[in-house]
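Number of protein chains: 2
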Amino acid sequence: MSGEQNKIPQATAKRLPLYYRFLNNLHHQGKQRVSSKELSEAVKVDSATIRRDFSYFGALGKKGYGYNVEYLLGFFRKTLDQDEVTKVALIGVGNLGTAFLHYNFMKNNNTKIELAFDADPKKVGTDIGGVPIYHIDQLEEKLGSASVAILTVPSSEAQGIAERLVESGIVGVLNFTPARITVPERIRVHHIDLAIELQALVYFIKHYPLEGEHEDHNGFKE
Amino acid sequence: MSGEQNKIPQATAKRLPLYYRFLNNLHHQGKQRVSSKELSEAVKVDSATIRRDFSYFGALGKKGYGYNVEYLLGFFRKTLDQDEVTKVALIGVGNLGTAFLHYNFMKNNNTKIELAFDADPKKVGTDIGGVPIYHIDQLEEKLGSASVAILTVPSSEAQGIAERLVESGIVGVLNFTPARITVPERIRVHHIDLAIELQALVYFIKHYPLEGEHEDHNGFKE
Chain A
1 MSGEQNKIPQ
11 ATAKRLPLYY
21 RFLNNLHHQG
31 KQRVSSKELS
41 EAVKVDSATI
51 RRDFSYFGAL
61 GKKGYGYNVE
71 YLLGFFRKTL
81 DQDEVTKVAL
91 IGVGNLGTAF
101 LHYNFMKNNN
111 TKIELAFDAD
121 PKKVGTDIGG
131 VPIYHIDQLE
141 EKLGSASVAI
151 LTVPSSEAQG
161 IAERLVESGI
171 VGVLNFTPAR
181 ITVPERIRVH
191 HIDLAIELQA
201 LVYFIKHYPL
211 EGEHEDHNGF
221 KE
Chain B
1 MSGEQNKIPQ
11 ATAKRLPLYY
21 RFLNNLHHQG
31 KQRVSSKELS
41 EAVKVDSATI
51 RRDFSYFGAL
61 GKKGYGYNVE
71 YLLGFFRKTL
81 DQDEVTKVAL
91 IGVGNLGTAF
101 LHYNFMKNNN
111 TKIELAFDAD
121 PKKVGTDIGG
131 VPIYHIDQLE
141 EKLGSASVAI
151 LTVPSSEAQG
161 IAERLVESGI
171 VGVLNFTPAR
181 ITVPERIRVH
191 HIDLAIELQA
201 LVYFIKHYPL
211 EGEHEDHNGF
221 KE
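Chains as they are written, first to last, in UniProt numbering: chain A, 1 to 222; chain B, 1 to 222.
Hints are computed from structural coordinates only; laboratory data are not their basis.
Be aware that one or more of the hints could be misleading.
Pairs count within a copy or across copies, as identical chains cannot be separated in the list.
DSSO-like cross-link-like pairs, simulated, lysine-lysine; straight-line CA separation at most 27 Å [to be verified]:
hint, residue 1, residue 2
1, K142, K78
2, K62, K31
3, K87, K37
4, K63, K78
5, K87, K206
6, K62, K142
Computed from a prediction, not measured in an experiment: that's the story for all the values here.
Construct the entire structure; sequences and hints are all you get.
This is the structure we're talking about:
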């Protein structure tokens, strides 16, 4: 948490895990260098943005050579604290929650869903993908050292559960419910609303047609 | 698609569906006006950003009065083409796909999942939430006038399916697979990667602590 790192723009920071994953893939394939153009095609971020992002870390590609994969990978591993695993709790084992549990978060990653909670007695006591499911009444008792929660409960439950999570020491919430939750300012909440993502895509298709535009519109600009 | 609308920054455009939904809720509650502060608390976007966003539409709140809900709602309904429903196809009825089908996308919304596809014979011929599930082999035959696809297939299938979708006239893809797909430039792809969202949240918690910061850090800045 040096002052240096705090200077990275948040839009750049958000792309780090993406860069990291693809560099790791390249490394596994035995590649030693990569151009910003190749990286651009793999991660679907325009190469000017990649060059600018990388310049914040002092990683300057050499013309005709590109970037050194191992160097970059080492840098990202350190920056993303790949050696320190963050324990995650998942609240709400419905379809979306189950999808998360089946998803292999440990692959190239520093997060692990350690435990899950649900109110359904048929689910409590079972496990999915090795993750035990406890009753939601046991939230405070079982949460342990988990610091991040994924919220996949019905909207009507979101605020109440969020308050209990904060009381129990959770500092970050990935909120997949359509409900906007109110928590103390120190708690970081990222909100992913599937209906709004779909509606935004439709709006962009209608109002920002891509024909003839540069490839970098294939994603949001910061 | 006037030149006027094209001047709205993409970050602002992405917030339109969110504003629309909450204004619609206020309208249903019989509220006639709303301050940027109230709206800010409901949608978790800081009020300075809301005021700037709204200024792009020429909606200037009056001091001590705020914004007229009905006027704003009418504006957003028109801007978001709420009267024109976009037909959506969902490809891959696993846990994530099933979660989507249970989700009520038509609520305050202009998108509708009309049909779904899967390779599992046990799912083909059934329906979920009224959406019929066809065999993936029937993709070209059944797709009809759907213009947007939600991709919730295994990663290994993503590229092949994406190519078939593009051939069949799909112009936008909401890609939930970890695979980055390569499609012609005119096709708009928004990519939501659950593992990367989680990793980004963890990175932000570690490197951008919120304590003492202003509330508007409770989400990404553009």
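Now for the hints, and whether the structure bears them out:
In this homomeric assembly, K142 and K78 never come within 27 Å of each other (Cα to Cα): the closest approach is 30 Å inside a single copy and 49 Å across copies. For a Cα distance limit of 27 Å, the shortest separation of K62 from K31 inside one copy, 16 Å, qualifies, whereas the shortest one across copies, 59 Å, does not. Taking CA atoms no more than 27 Å apart as the test, K87 paired with K37 passes in neither setting, with 35 Å inside one copy and 35 Å between copies. When the C-alpha separation of K63 and K78 is checked against a cutoff of 27 Å, the pair qualifies only within one copy, where the shortest distance is 26 Å, while the shortest distance between copies is 49 Å.
Proximity of K87 to K206 under the C-alpha cut-off of 27 Å is restricted to the inter-copy arrangement: shortest distance 13 Å between copies versus 41 Å within a copy. Neither within a single protomer nor between protomers do K62 and K142 lie at most 27 Å apart by alpha-carbon distance, with minima of 51 Å and 50 Å respectively.
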